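Top line first, the protein sequences correspond to chains A and B. Each step along the first sequence adds one to the number in the UniProt record's numbering, with nothing skipped, and position 483 is 483. Each step along the second sequence adds one to the number in the UniProt record's numbering, with nothing skipped, and position 216 is 216.
Quick caveat, the hints were computed from the structure, so don't treat them as lab data. Heads up, a few of these hints could be off.
Given that identical chains are not distinguished, each listed pair holds provided it fits within a single copy or across any two copies.
What the hints assert, rightly or not - Taking lysine-lysine pairs in the DSBU-like style, the calculated list, with each CA pair at most 35 Å apart, reads:
id, residue 1, residue 2
1, 213, 123
2, 145, 73
3, 138, 282
4, 460, 191
5, 16, 36
6, 11, 94
7, 253, 173
Please read these numbers as outputs of a predicted model, since none were measured by experiment.
There are 2 protein chains.
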Amino acid sequence: MEGNIMTYEEKLQQYKDWIFRRSAYQMALAIIGIDKQTVAPSAGAAYRDERSAYLAGELFSIETDPAMVQLLKELKDDPQIDGDNKRAIELYYKQAMDTMCIPKEEFVAYQKLRDESFDAWIKAKSQSDYSIFEPYLKKIIEVSKKMYRYRNSDKNLYDQMLDDYEPGMTQEKYDVFFTALKERLVPLIQKVTKAKQKNEAFLHQEFPIEDQKKFMIQLLAYLHFDSSWGYQNESEHPFTSWTCENDCRTTTKYVTNDVVSAVLSTVHEVGHAYYEHNVDPKYDGMILSEGISSGMHESQSRLCENYLARTTAFWKYHYPKLQKAFPTQLGNVSIEEFYEAINVAKPSFVRTEADELTYPLHILVRYEIEKGLFNGIISTEGLNETWNKMYKEYLGVDVPNDKVGILQDVHWSDGSFGYFPTYALGTAFAAQYMHAMRKDLDVDTLLSNNQYDVIMNWLKEHIHKYGFRYEAPELMKMVSGEEFNVNYYLDYLEEKYTKLYNL
Amino acid sequence: MEGNIMTYEEKLQQYKDWIFRRSAYQMALAIIGIDKQTVAPSAGAAYRDERSAYLAGELFSIETDPAMVQLLKELKDDPQIDGDNKRAIELYYKQAMDTMCIPKEEFVAYQKLRDESFDAWIKAKSQSDYSIFEPYLKKIIEVSKKMYRYRNSDKNLYDQMLDDYEPGMTQEKYDVFFTALKERLVPLIQKVTKAKQKNEAFLHQEFPIEDQKKFMIQLLAYLHFDSSWGYQNESEHPFTSWTCENDCRTTTKYVTNDVVSAVLSTVHEVGHAYYEHNVDPKYDGMILSEGISSGMHESQSRLCENYLARTTAFWKYHYPKLQKAFPTQLGNVSIEEFYEAINVAKPSFVRTEADELTYPLHILVRYEIEKGLFNGIISTEGLNETWNKMYKEYLGVDVPNDKVGILQDVHWSDGSFGYFPTYALGTAFAAQYMHAMRKDLDVDTLLSNNQYDVIMNWLKEHIHKYGFRYEAPELMKMVSGEEFNVNYYLDYLEEKYTKLYNL
C-alpha cells in the first residue's frame, strides 16, 4: 500500500480496532440468535432473518476487508508480534482467506437460508414430517458445497468441513477412530445386551416440569452457574452461546417423562459455558476465545455430563434432593438403583438421551450419512428411510417417526456439517483429561462435597484459560503428557460397563 | 450531486434500501435492549454496552449520511411521491437534521452513557441509594442538554424534548393541561379522601408468584397475546419493545403482596404491543410504525389498563378465575368489593401502582422536576429530598426511601426526559377515544364475553393501523370528530369516583 506506510504500532492499533468492530457484530448476531432460539415470536421470523442476514453480511465485509487482510498478512510475519497475537492473526488470516473467496451476496443469501432452514426444521419436527424439511436440507447442502468449492482447495469437501470444526481431522483419521471404537464397543454392547437388564422404568414416570424447575435451581447453584455471568433459558434443542467471558447463556429442555434429561443437558451445556467463562479475559472478543474447536469444546461439556454427572459421587449429593422433589416417584428407589438406571446401556433412537456406551454409534450414523451426502453417495430424498435403516443396522432399533429420527437434531438445519464427529472425539479426549485430573484431585470427594468449583478450577488452569491458543493435539500433550490415545476412552467404558453389568 | 443524476425510481430504490439498512440496526439494538433488560448476565454489561454503543453509532452514520439527507430533501418535495412516503420522508428528514448536528463520537459516547446509567440505576434501586445514581443522572442531563444545543434551535431546550415525544406539545400547552387537571381533580381528591374509606387490605395479602403466573396464562389467552406475534418476559420495570408487527415483546413484574399489579401492567404493556402489531404491515421497518408519538402510544396502553381492565365488566369474566387461583385469599371477597378495592383512590408514592384519580399528580411531580432541571432551577444534588417534598405537597404522603421515591422509574436513567407528561396526556386522549368507541361497541358486554379481540379490532381500524401517519390532533379529529378536549377525561373521572364514593 504505497503512500500509506504504517508503523508497527499503527498496524497493531488498526488490528485491534478491527477486532472490536468484528466483535460488535458477532455480539449482536449471538444475541439475536439466542433470542431466536428461545423466545422470539415465530411470525416475526422472516422479518428478523432478512435483517440478521444483512448484519452477517456487514460482518463478512469487515472480516474480508482486503486492506485488513493485507495488514494481517504483514502482521503475522512481523518479528515484533507476540505469540498470542501471532496465533490469533494466523487464525484470522486463514478464516479471511476461506471466506473472502465467497461473493458477499451469496454469503448473505446463505445466512438467510440457514435461518429459514432452521424455521422449517422447527415446523417439520413439531409435525414429525421430514418432507417439510427435505427441500431446505437439499438446498443447504448444495449451497454449503458451493461455498466450500469457492476455496478452490485440493482437499475433499467433507475433509475441509471436518477440519473447520476440528483442525487437522480428516475422514481418514475419523475412519481410524471410529473403527477402533467399533472394534471394542460392538462386542461390549452385545455382552451388555445379553446381560441381565436393569430396571429404569421409574425414571420415566410423570415428573411435572414445575417440580423439575425447582430442583434445577439448586443444581445451578451447585454448578455455580449464576446470573452474574450466565443465564439458563429453554429451547427446543439445548445449546450454549456467549458474547464474552462474563456473558454465557445456556438452554435446557424439560421432558415430563424423563427426570434426568434436563439435568444432564444442563450439566453438559454449563460445561460449554465454563469453557468460555474461564478463557483468559485478555482474549475477550478475539478469535482465541471464540474459535475454540468443537472437539475441544465437546470434550469439556461431555466431561461434565458423563465423567462427572453420571457418577455415584455426584448423585450422593443430589439424589436426596431429587427424592425430596419427587417423593412419590423416587421415594422407594435407592441411590444404587438410581445410579444403575441412569447408566443403563440400551440401544435407543434419540442421541441426546443415549447412554455413554451406545452414544458413539449415534454419531457414527450421522458421520456416515454426512460422508455419503458430501461424497455424492447418499441423497436427501428418502434420507429419513436411510436414517431408519442405519439405526436398525447399527443400533438394532426401529425408529417410530421422523421427529425422533432424522429430525431430532438441529445441526443440519443450520448447515453445521462436520460437527457431529466432534462429539465422539471430544468424549474420547475427555477420558484422557479425566485420567490426568484424577492424578491431581480426589474428584469423587469433591463431587459429593459440593465442591464442583474446585474441579472447574482445575479445568480452567489446565485447559479453559488457554482458549484456542493451542490446538487439540498440542493441548492434549500439555495436559496429559502424552498424545491422544483412544484407549483411555475405551478402557473407561469397558471398566465401567463390565462392573455395572457384572460381565 | 453532479455526474450522479438519478431518476425518481432510482431515488426511491435508494431510499428503500436505506430504510432496510436502518431497520436492520434498529432490530439488532431492539433485541439487544430487550435482552439487557430481561435476562442478560450483569457482569457482561460493560462488554455489551461498549459494543451496542458502537452499533448505535453505525446506525447514526446511516441515519445522517449526507448523501441520503440530500436525497430525502429532494424526494420530500418531489411531486411524484405518495402521501405515505411524503409523511415518512418528512419525519426522516427532521430526525436527520436533529441528529446530524451531533458529532458522531459524542453520540456514541452518549449511547454508552445511557447504558451505564441504566446499570447504575438498577444497582441504586436495589440498594435504595440515590447517591449511586446521582452522578449518572447529573451527567446524562448535562449531555442531553449538549445534544439538544447542537440543534441550534431558538426553542427552549425542554420544549424541544417535549416536542420529540409528542409533536406540537410545549411547556405552555402542558401547563394549561395540568392546570385544568389540578382545578378539577384536587377538590375531587379531597372529597374522596374525606369520604368513607374502602377496604383494600385483601389485595395485599401474600399471593405466591407461581400462582400469579398460572393466572397470567389465561389472562394472556384472553388478550390474544400469543407466541406467534408476542412474548412476555419479566423485568425490573415493565416495558414493551418490538422489531416488526409480528414481533412485539412485553415484560411484567410480579409483586408478591399485590395481586393486581402484574395484571394491570400486563394489560398496559399488551396495549402498547397491540398498537405496533396492528400498524399496517406496509409500514413495517419504517418510521411510520416505529415513530408513533408517546402520547398516542400511552393513550392505547392506558386505555386498556384503565378504561378496560379496571371495569366491572372485565372482572366479571376474570374474577371467578382469580378467586379459583387464590381461594384462601379471595374466596370470601365479592366481585363488588374487589372492584371497589382495585379502584380505591388514595394518595401513594409509587406511580405504576397508583389509582386513576391520583395518577396525574405523580406525573405532575415529574413534569415539574424536569422543567426545573432543564430550566436550571433544580439540581440533581439532593433531588431525592426535593422529590419527597413534592410528594408531601402534592399527594400528602411521606416517601419512606429512594427505592419507592426518586429511583422508582427507569426513564431518567436512559435519558428519556419529556416522556412522563405523555402518560397523563395519553390517558386524557384515551377518555375521548373511549367515548367514540362506546358509540360503536357495547364494550362492557364484549369484555365480559371474552371478546377482547373485537375491541382491539376497533382500535386497529380507527387508530392502530395508521401508525404515525397522522399526528395526535389530526387523528383525534378523525376518530372522535372533534378536537382534543380534556373534559372527556375529567368528566369520566368525576363520574366514576362520585359514584364509587357516593359523593
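For each hint, the structure was consulted:
For the identical chains of this complex, residue 213 and residue 123 are neighbours both inside a copy (26 Å) and across copies (28 Å), given an alpha-carbon limit of 35 Å. Taking identical chains as interchangeable, the C-alpha atoms of residue 145 and residue 73 lie at most 35 Å apart only when both belong to the same chain, with a minimum of 27 Å there against 46 Å between chains. When the C-alpha separation of residue 138 and residue 282 is checked against a cutoff of 35 Å, the pair qualifies only between copies, where the shortest distance is 33 Å, while the shortest distance within a copy is 41 Å. In this assembly of identical chains, residue 460 and residue 191 lie within 35 Å of each other by CA distance neither inside one copy nor across copies; the values are 38 Å within and 68 Å between.
For a Cα distance limit of 35 Å, the shortest separation of residue 16 from residue 36 qualifies both inside one copy, at 30 Å, and across copies, at 26 Å. Proximity of residue 11 and residue 94 under a CA criterion of 35 Å is satisfied intra-copy only: 19 Å inside one chain copy versus 40 Å between copies. Taking the closest pair of Cα atoms, residue 253 and residue 173 come within 35 Å of each other only inside a single copy of the chain (34 Å); across copies the shortest separation is 55 Å, beyond that limit.
The earlier numbered hint that this structure contradicts is number 4, and it is the only one.
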